[in-house]
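Line order of the protein sequences matches chains A and B.
Residues -16 to 733 (the working numbering) are what the first sequence spells out, left to right.
Residues -16 to 733 (the working numbering) are what the second sequence spells out, left to right.
Some hints here could point you the wrong way.
Repeated chains share a single entry, so a pair holds when one copy, or any two copies, can fit it.
Result set (BS3-like, lysine-lysine): computed pairs, CA atoms no more than 27 Å apart in a straight line [said to hold, decoys possible]:
id : residue 1 : residue 2
1  : Lys115    : Lys660
2  : Lys594    : Lys130
3  : Lys591    : Lys349
4  : Lys356    : Lys329
5  : Lys696    : Lys617
6  : Lys477    : Lys384
7  : Lys130    : Lys356
8  : Lys384    : Lys63
9  : Lys628    : Lys581
10 : Lys51     : Lys282
11 : Lys477    : Lys230
12 : Lys581    : Lys146
13 : Lys594    : Lys696
14 : Lys475    : Lys63
15 : Lys19     : Lys477
16 : Lys384    : Lys225
17 : Lys263    : Lys115
18 : Lys628    : Lys585
19 : Lys628    : Lys115
20 : Lys696    : Lys581
21 : Lys628    : Lys51
The hints are simulated quantities; they were obtained by calculation from the structure and are not laboratory data.
2 protein chains.
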Amino acid sequence: MIATDYSIGILQYIPFFYVIWSDDLLSASEISVVQKVIQLDTSLNADEKHQLLRWLKRDAPPFDDEIKNWKQTIANSKVKLIESDTYPLSSLSQRLVNGENLNDHLKHIEVHLGIQPNHYNHLFDVEVVHEKTSDEYEANILDEILKGEHANVVDDFRCFLDKPDFSWQVLRHKEDFRNRVLHQVQLLGEAGYGALAYPAEYGGTGNMPAYAAIFEHLMFVDGSLAVKFGVQFGLFGGSIQKLGTKKHHDQYLAQAGETKLLGCFAMTETGHGSNVRGIKTTATYEKSSDSIIIHTPGKNDNKEYIGNALHSKMATVFAQLIVNGKNEGVHAILVPLRNENHDTLKGITVEDNGYKLGLNGVDNGKIWFNNVKVPRQNLLDKYGEIRDDGTYFSSIKNPNKRFFTMLGTLVGGRICVARGALGGSKMALSIAVKYALDRRQFNDNVKVQEDLIMDYPTHQLRLTPAIAGAYVYHFTLEEMMKRYSDDSQPDKRKIETQVAGLKSIITWFANETIQECREACGGKGYLLENRIADLKGDVDIFTTFEGDNTVLLQLAAKGILSDFRAEFNSAGFASVLKLLQTQLSDKLTAINPLYSNKVDAKHLYNPKFHKHAFDYRTRRLTYSLAMRIRNYIKKGIPSYQAFLKVQTHLLALGKAYSVELAYNIFCDHYQQLEDLKYRALLEKVGCLYALDQINQDAKWFLEQGYVGGTKSKAIRQRVERLSTELRPHIEVLVDGFGIPEHCLTAPITK
Amino acid sequence: MIATDYSIGILQYIPFFYVIWSDDLLSASEISVVQKVIQLDTSLNADEKHQLLRWLKRDAPPFDDEIKNWKQTIANSKVKLIESDTYPLSSLSQRLVNGENLNDHLKHIEVHLGIQPNHYNHLFDVEVVHEKTSDEYEANILDEILKGEHANVVDDFRCFLDKPDFSWQVLRHKEDFRNRVLHQVQLLGEAGYGALAYPAEYGGTGNMPAYAAIFEHLMFVDGSLAVKFGVQFGLFGGSIQKLGTKKHHDQYLAQAGETKLLGCFAMTETGHGSNVRGIKTTATYEKSSDSIIIHTPGKNDNKEYIGNALHSKMATVFAQLIVNGKNEGVHAILVPLRNENHDTLKGITVEDNGYKLGLNGVDNGKIWFNNVKVPRQNLLDKYGEIRDDGTYFSSIKNPNKRFFTMLGTLVGGRICVARGALGGSKMALSIAVKYALDRRQFNDNVKVQEDLIMDYPTHQLRLTPAIAGAYVYHFTLEEMMKRYSDDSQPDKRKIETQVAGLKSIITWFANETIQECREACGGKGYLLENRIADLKGDVDIFTTFEGDNTVLLQLAAKGILSDFRAEFNSAGFASVLKLLQTQLSDKLTAINPLYSNKVDAKHLYNPKFHKHAFDYRTRRLTYSLAMRIRNYIKKGIPSYQAFLKVQTHLLALGKAYSVELAYNIFCDHYQQLEDLKYRALLEKVGCLYALDQINQDAKWFLEQGYVGGTKSKAIRQRVERLSTELRPHIEVLVDGFGIPEHCLTAPITK
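Just chain A, same shape as in the assembly (with noise of 0.2 Å):
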């Protein structure tokens, strides 16, 4: 048996060194703090720091019935754990010796350990005086930060929705809930947020980067509205303001953003989602008339899925335009689809899609041309127009070229997308949490209560890394609305490549967060009442809408091939080719064993290592995939067979510099604040996003032996410490959101 009769001076320590040595994951750096404290503490002598000192040996560490003693020592004296100290395991200390001071040394080590109640309050057979959270956070602060510059906005938006025309319903009819959904898209248009984004003169501020915080805010509403004010405003409004000139816009545009003119947006075709330069529809010139006919030629090769097709009094339509007899490509026409009376014109054919999985307030119909006439003014005109004598002009010549400009004028709508995706998993979370940190099952035997479902690891596990995720999306999707809407840098094609990757991770995130959401709820989250069913279905079709993710990611690769240099959404190859002849070199330096086996804290929770491995995966795959590719063309492959053959390696640096990009940008932001302790939490959250990433393609690393196994274990064991750490604060993270109140309507949050 081993004395339990401690000195004061060790006896203060022992609730540290129990909790220290109970796991094993301390590493090099962590001794390091605990030794340097030890070594000034002077209220210890030198025997006392000796015997202490050798208790911190990784390689001789303390017998298992001195671990034990230590336990005992704390139950005996009957002290209380009370988690709402400012410094709990230093106050139980201070308490175990009757101390009247707390040791500064104690409080220096607890902080830099990052060790916190949840982590040992059950290790100690004390009663434990529990608090669901720490008041160390605000979230009013988080959610000013995350505002930005639109917090005035926002603000104001907030408050706007407070009204019972927003409130949540179970809306089972579609005409109901479609109704319901167009009374609110129009009440939001009469308040000026359609034309949030238009310019002055039509109703506007011009502010896009409003448009999309307000946008997503639209999601704690519901996600039929969002759909629905994207298509009204940002797809047939914007194609107007995008595509079409000044008599379009004096004409139409104010008409939009007030919803006194409702449209559609009809791009896709039943045969022809993802490949928009295939459509079929045909807009033929006839110069007797001076107008267009616009006609579907065949099955399939009616608009579908149009959002707003059956409210609608027009349509933006997409179809092949033909000019004495030769065809100019993709263009964009003015169609009036009802009169007055909202009878169908003639030659229209509209019908209604039905029920979905999901956004059912959306009036999503088929509609069919047959040979219908517009004047020659309804072509949206501001990339090609037909002059009065009748012939067909574009400033830009290249008919690809000028195809991808008019496509990347939409890509405002792409980053709103992938917006509401992250809206729909703030609010999936903030549920989530609020129902684990009210919800109690199983227990010790010993205690009457049961813990809180947030006080398991598993749980933790589940929505921690998501809540990380969604302050890092926030602050990429803010930062890529900004570069999108900057006027000043005309050439786009490198943040359409971005976002088409960006909005790829993102809805995918979503969906699979929602998705941990509804399990982590259980039966609770099943039922429609409490509103994870409904994002569910609803954000489930934004991995497909405004392009289907797995054509998008490899657009993205493609483009990051060809360096950007490539027309984005070009289906040819020729650019990526181009670069491809020219010499290929990427001078990666081998990684250093030393370095893919270290894992000390301090070098994992580094930013610099995370952005060190994203770019390291981000260089490789592309330069391998280059590499797979030229290959395949030297043997004289066809370039579409090589391309088919590197599919899955398209995906994969499409999804990496995604990945990088996004971490790049959120620690751009954060580093920015001026307020040290919420850069550090913000710190905190990015470090377990980066990780977290890192290990979910822990196989590549591996495989690339960038990792090696120990330090592949040492990431997964982190991921898990920091999703413990952050459990005090994860109540503030998610009311960092700011979802209102007024939305967050869900019976288990309450």
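Assemble the complex: chain A is given as a structure, and chain B must be docked to it using the hints.
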């Protein structure tokens, strides 16, 4: 320029060499196949043999220009590639040399290398006569294999479902939907399908495995129907059958089977889902009236999510049985809920759970009991009774054991849940594959017709491993139900553990698969009419009900740790700890570097390798988990806390064990097939499953040094390759699921 006038002998091999060298996948064993053929081919002279063998050196591959010449030679010949030829590549060669007979040696290569038109049809600049599906295999033979012993019951049942009552409809109002599903359940009951698993004297055939097979088929009709059917006949009827005694059987069982008595299964409470032992509802025996008083003591102690709650006349209520002031633990009591007029009885309150993410045809509700009196005889008293003298008696003295024995009788339901989820994934896969065999998108610019999306490698990778999974899990669940129904093996503890793990991995598999299928069908997959949307909403909750997956996996892991000696569902850790005190030893041999980098196709395709990998993983995880727990315990850490610390490790073990079990059962099954052709197909299917599983967990295998980086990459490539190899048979594979035409109503499958 290299000469292009090859001799006939060489020329016939050119297409093969071109295909072989266009990729670098050829392993040593595959090269040796070709070498051997060349040596045996008497149509070649010595020079030709020498030349061909020179082109087979992996360390000195043919020059790129040589390969280009091959391609040009083929292109210049203007031959056709006809995919429907029995040996398409050999036939192409034959046409290339204007030969009359197929060279058997070439056929040999074609067969043994497993190269298929979709590997190379884009490689040649020749006309390709496409073929959607190979007729090498027949769907109905696969279907027979899957139906196994239940062929008659299943065939009859499929016919039975071919009536308007079971046709698919959109019913958005829950009342309409529930009434229709109730009607369907009644039809099934009247036809004897509800009682299938009951003894013959109560209208059944005692055939639980056949019951499971028809249960799966109900998913093809509608998820709500399957669940309501399961509640009425499996849970309500099953509780009477398994927990009741003859008096209950005589009075209720036949009636339940015929739906003359509708009932529900009231176990879960709002406050207690996974932790059944902690439920709060009380059943207090009152001697004076010889009755049992059922009572809901507090807020959140009501029953919740109870299926059939609104239609039922009676409930099997789980409650704490208190006899003479002593709590005898959880027991089940039959409690009448409503009278003949369907008014709720005194003291009973039922509330609708409202709309849900899916399963809106099931009437889930909450139930409160306010001192509801029922006769003592209503106690389902197989495992614990109240005697005439008012004392409690049970032949199982240990209350824990008694509780777990009762719960154990319900494991059949858990198998059915997994089976239902599997049925959902089969349905989604069938729809997605049929759509992908019809839908075309993008293409090489040269060709007029766009490619089938099924011909994209990413699409193959998305769907094919999931199809393999569905085959593996089908046989797994068939076998588990057989074992569960085998009354000669009364100790079901091992099966309970196994079913818990399998239910978890299979319901998660189903959700992921259905989601992939939704995305693979793009916007069409989102429309309700195409059925995937409903499947997604319905199957979602399968991960939660009949045991939350995360909880079940931990229970499974504890079972494995205790070598199946623990009572399943036990929250106490006694049995595990007991085992840990005995000697732990698992002599896993170190992995030879030659083995961990063996990338030969023969090795990677060998089930012995897969089994070894799975066995290694389970044993290593078991051993390391046990060591971790033991070390915590030794330091005096409370066992509850120790298990919290290893929660993620428990999940990993639960999954690993389940995958191994499934694969072993599958191998045992297909290896008994007498038809060698189908055995080979299923071996390939199993191989894809196994390699896909290893690939998914490659991080772990790499960390352990079980596979090296090269092998890990090779495994990934083999997963892609096998997915492509199965492409010609993919329609037959999904048709083999045997989903009747009248159930497969999705318009996109037509």
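Hints, verified against the model:
no. : hint            : result
1   : Lys115 / Lys660 : within (21 Å within a copy, 62 Å between copies)
2   : Lys594 / Lys130 : within (26 Å within a copy, 54 Å between copies)
3   : Lys591 / Lys349 : neither (51 Å within a copy, 54 Å between copies)
4   : Lys356 / Lys329 : within (9 Å within a copy, 71 Å between copies)
5   : Lys696 / Lys617 : between (41 Å within a copy, 23 Å between copies)
6   : Lys477 / Lys384 : within (15 Å within a copy, 65 Å between copies)
7   : Lys130 / Lys356 : neither (47 Å within a copy, 59 Å between copies)
8   : Lys384 / Lys63  : neither (72 Å within a copy, 36 Å between copies)
9   : Lys628 / Lys581 : between (36 Å within a copy, 24 Å between copies)
10  : Lys51 / Lys282  : neither (78 Å within a copy, 41 Å between copies)
11  : Lys477 / Lys230 : neither (31 Å within a copy, 77 Å between copies)
12  : Lys581 / Lys146 : neither (56 Å within a copy, 66 Å between copies)
13  : Lys594 / Lys696 : both (19 Å within a copy, 24 Å between copies)
14  : Lys475 / Lys63  : neither (61 Å within a copy, 45 Å between copies)
15  : Lys19 / Lys477  : neither (49 Å within a copy, 52 Å between copies)
16  : Lys384 / Lys225 : within (16 Å within a copy, 72 Å between copies)
17  : Lys263 / Lys115 : between (59 Å within a copy, 25 Å between copies)
18  : Lys628 / Lys585 : between (41 Å within a copy, 23 Å between copies)
19  : Lys628 / Lys115 : between (52 Å within a copy, 20 Å between copies)
20  : Lys696 / Lys581 : both (11 Å within a copy, 24 Å between copies)
21  : Lys628 / Lys51  : between (60 Å within a copy, 18 Å between copies)
Consistency with the previously given hints fails for numbers 3, 7, 8, 10, 11, 12, 14 and 15, ordered from lowest to highest.
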